[in-house]
Amino acid sequence: MNQKNNLIVGIIIALVVVASYNVDANPLDFVEGLPNLAIVAEEMTQVDAELFGTAFWSMLETIQMAFIGTMVGVVISLPLSMIAARNLNSKFVYGPVRAILAAIRTFPSILWAILFVIMVGLGPFAGVLAIIMYTVGFVTKLQYESIETIDSDPMDAVSSIGVSKWQMIRYVVLPESAPHLLSQMLYMFDYNIRQTSILGLVGAGGIGFYIINYIKFFEYGKAAVFMIVVLITVLIFDWASVKIRDKYIIKSQHGMEVNAN
Amino acid sequence: MNDPSTLSVISTKKIIQMNNVWTSYDSKSYALEGINLSIDKGTNYAIVGKSGSGKSTLLKLMNGMMTPSKGTIKIDYQTPNMNDKKFKLLMHKIGYIPQSLGLIKNITVLENILIGALPRLGKIQSMFKIFPEEEIQEAKNILKLVGLSGKEERKAYMLSGGEKRRVAIARALMQKPTILLADEIVSELDHVTARDIMNLILDAQKRMNLTAIMVHHDMQLALEYANRVAVIKEGKKILEIGVEGEKIIDFQTGDLTSQEILEMYSDESKK
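Order-wise, the sequence lines are chains A and B. Going by numbering that gives the first Met the number 0, the letters in the first sequence line up with residues 0 to 260, in that order. Going by numbering that gives the first Met the number 0, the letters in the second sequence line up with residues 0 to 270, in that order.
Honestly, the hints are just simulated from the structure, not real lab data. It should be emphasised that the depicted structure is a prediction, and the values quoted were computed from it without experimental measurement. Every residue, glycine too, gets a C-beta built ideally from N, C-alpha and C. A few of these clues could be false.
[What the hints assert, rightly or not] List time: in silico SDA-like cross-link candidates among lysine to any residue, alpha-carbon distance up to 25 Å: (1) Lys154(B) / Ser89(A); (2) Lys163(B) / Pro178(A); (3) Lys163(B) / Ser151(A); (4) Lys85(B) / Pro178(A); (5) Lys164(A) / Lys128(B); (6) Lys87(B) / Arg169(A); (7) Lys27(B) / Lys69(B); (8) Lys87(B) / Leu173(A); (9) Lys163(B) / Pro174(A); (10) Lys164(A) / Glu134(B); (11) Lys59(B) / Met154(A); (12) Lys163(B) / Asp150(A); (13) Lys92(B) / Gln166(A); (14) Lys139(B) / Gly121(B); (15) Lys87(B) / Ser89(A).
[What the hints assert, rightly or not] Here are the in silico distance ranges between beta carbons for each label pair: (16) Met81(B) / Val16(A): 32 to 38 Å; (17) Asn21(A) / Lys27(B): 50 to 56 Å; (18) Gly33(B) / Val71(A): 54 to 60 Å; (19) Arg153(B) / Leu110(A): 47 to 53 Å; (20) Gln219(B) / Gly94(A): 48 to 54 Å; (21) Ile10(A) / Gly70(B): 55 to 61 Å; (22) Gly70(B) / Arg85(A): 30 to 36 Å; (23) Gln16(B) / Asn86(A): 30 to 36 Å; (24) Leu110(A) / Gly70(B): 31 to 37 Å; (25) Asn18(B) / Arg85(A): 31 to 37 Å; (26) Asn198(B) / Val71(A): 40 to 46 Å; (27) Leu110(A) / Lys27(B): 47 to 53 Å; (28) Val71(A) / Asp189(B): 50 to 56 Å; (29) Ala101(A) / Glu233(B): 42 to 48 Å.
All chains should be built: construct the whole structure from the sequences, respecting the hints.
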């Protein structure tokens, strides 16, 4: 058993070495490059404080984009997840929907952004559309998975009353999966703020537009202003979502445990 | 009314009939093996057996959640089938309380009970949770009946074990049922609470003229509350007795007293 483990570890190490050779990943280059980082870091300390106003407004735009994207995405995901849940539909219904969702998820949001820039032109709207697509792909998956983990006992009990499928969804599935949905919305909003911050790289609006342009012109000090604003914003939202989760979601999940006996 | 067969049906209405019923969860073994049952309307029927004997399966057959692999079942002269619209109407008249109770944890007691009224509601009404005033009043009356007045707005997960059972009973009664099925509803409760719950069901059964079919672990409890008891062992019905005061009529082995029955089968149910 032990020898087998050693063999597996050996194979993994060998694969890492071979792959590094193939992609030309040399640790020495990293060490040699460190002084360059120092130059950038030094320039970044020369923060251009005048730009904080611009940074603030562009961050606000980013947050708004992420907010629209998350909310619209979640609204679209909700009915989709009901269709894609295995315990609610036959495989002829959930199968195709899941395949489409899997296809949507294969693209990262930045690729969707490029696609939508081509479609609707440069600007935040393309970014919003990209975030919607990404959110639909992921929240639907998270949501149908949480629908599938709903305790089958209440569903059986209620279906034996002779209720319709819609009543089942409205009175059992939605209330039982609601705490998960809230937590997924928070998670997604949090994640989408980070994502939207880089969509500007392809011209789809948001604060990323400034970051990429100042970096292109080697104005690291100016880029740093925007990066600091992103950092602070993400930290604030991280902290806030933990607070909200503790207050509203942990409580109802605790309730589930109480009921489990 | 002139038809003589209709008259005989009314006098001894067989609300549940099972004829040589076999069921299996997998292809290897049978959960029930050739069960014959015939239950008169208004009976307080108990099914006793230890866990794994197939007694819960019997209840699932009676509300159409399961179908037999062999044999026939008639509930109110209809064959149970969940996909049949006509049987769905009958399902609403069968109040089923599973052992797990099946309450919805994150909604209130009142909402849980109103779920029993859902098949009576229109599409739009049920989508927007608009319950007619008389249904809400009915739910409140039932809440009072089961002794939960004042706890309407409590979330289901906050209730005690006994209270949860009362809510499950209330939901079943909200269906305005003619048949009440309950699977080991008092097994996990202490002696006093168990008797409270049983008295509550007995009271509702008499008041609403229900046919109650209750699965029990405990022979003593069955003899105390039912007027007919079937004992199930390893998927077969091994005994059916009528309980009239102290006298127990065994259809297979002659007359016995309840004490003798208890002695014979108490070890059966306690194992």
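Here is what the structure says about each hint:
Between the alpha carbons of Lys154(B) and Ser89(A) the distance comes to roughly 32 Å, so the proposed pair goes past 25 Å and is violated. For the suggested pair Lys163(B) and Pro178(A), the alpha carbons sit about 21 Å apart, so the restraint of at most 25 Å is met. Only pairs whose Cα atoms come within 25 Å are accepted, and Lys163(B) paired with Ser151(A) is accepted, the gap being roughly 17 Å. Simply put, Lys85(B) and Pro178(A) have alpha-carbon atoms about 36 Å apart, too far for the 25 Å limit, and the pair is violated.
Under the criterion of a C-alpha separation no larger than 25 Å, the hint pairing Lys164(A) with Lys128(B) is consistent with the structure, at around 15 Å. Annotation: proposed proximity of Lys87(B) to Arg169(A) holds, straight-line Cα distance about 19 Å (limit 25 Å). Our distance criterion of 25 Å between C-alpha atoms is met by Lys27(B) and Lys69(B), whose separation comes to about 15 Å. Between the alpha carbons of Lys87(B) and Leu173(A) the distance comes to roughly 23 Å, so the proposed pair stays at or under 25 Å and holds.
Of the supplied pair hints, the one linking Lys163(B) and Pro174(A) holds, its CA atoms being roughly 18 Å apart against a limit of 25 Å. Restraint check: the Cα-Cα separation between Lys164(A) and Glu134(B) comes to about 21 Å, which is no more than 25 Å; the hinted pair holds. A C-alpha spacing of about 14 Å is found between Lys59(B) and Met154(A), which places the hinted pair at or below 25 Å, so the restraint holds. Restraint check for Lys163(B) and Asp150(A): the C-alpha separation of about 16 Å stays at or below 25 Å, so the hint holds.
Distance restraint check for Lys92(B) and Gln166(A): the Cα-Cα separation of roughly 17 Å lies within the 25 Å cut-off, and the hinted pair is therefore satisfied. Only pairs whose Cα atoms come within 25 Å are accepted, and Lys139(B) paired with Gly121(B) is accepted, the gap being roughly 21 Å. Only pairs whose Cα atoms come within 25 Å are accepted, and Lys87(B) paired with Ser89(A) is accepted, the gap being roughly 20 Å. The given range of 32 to 38 Å is broken by Met81(B) and Val16(A), whose C-beta atoms sit roughly 60 Å from each other.
At roughly 53 Å, the beta carbons of Asn21(A) and Lys27(B) sit within the given window of 50 to 56 Å. About 59 Å separates the C-beta atoms of Gly33(B) and Val71(A), a value consistent with the hinted range of 54 to 60 Å. Evaluation of the 47 to 53 Å hint for Arg153(B) and Leu110(A) yields a pass: the beta carbon distance comes to about 50 Å. Range check, Gln219(B) to Gly94(A): about 52 Å between beta-carbon atoms, so the 48 to 54 Å window is met.
Checked against the given bound of 55 to 61 Å, the beta carbons of Ile10(A) and Gly70(B), roughly 58 Å apart, stay inside it. Distance hint for Gly70(B) and Arg85(A): a CB-CB separation of about 31 Å, consistent with the stated range 30 to 36 Å. Between Gln16(B) and Asn86(A) the beta carbons are some 32 Å apart, a value that agrees with the proposed interval 30 to 36 Å. For the hinted restraint 31 to 37 Å between Leu110(A) and Gly70(B), the CB-CB distance of approximately 59 Å leaves it violated.
Checked against the given bound of 31 to 37 Å, the beta carbons of Asn18(B) and Arg85(A), roughly 35 Å apart, stay inside it. Between Asn198(B) and Val71(A) the Cβ separation comes to about 55 Å, which falls outside the hinted range of 40 to 46 Å. Under the hint 47 to 53 Å, the C-beta atoms of Leu110(A) and Lys27(B), about 51 Å apart, fit the expected range. The hinted window of 50 to 56 Å between Val71(A) and Asp189(B) holds, with their beta carbons roughly 53 Å apart.
Distance hint check for Ala101(A) and Glu233(B): the Cβ-Cβ separation is about 47 Å, which falls inside the suggested range of 42 to 48 Å.
When held up to the earlier numbered hints, the structure conflicts with 1, 4, 16, 24 and 26 and fits the remainder.
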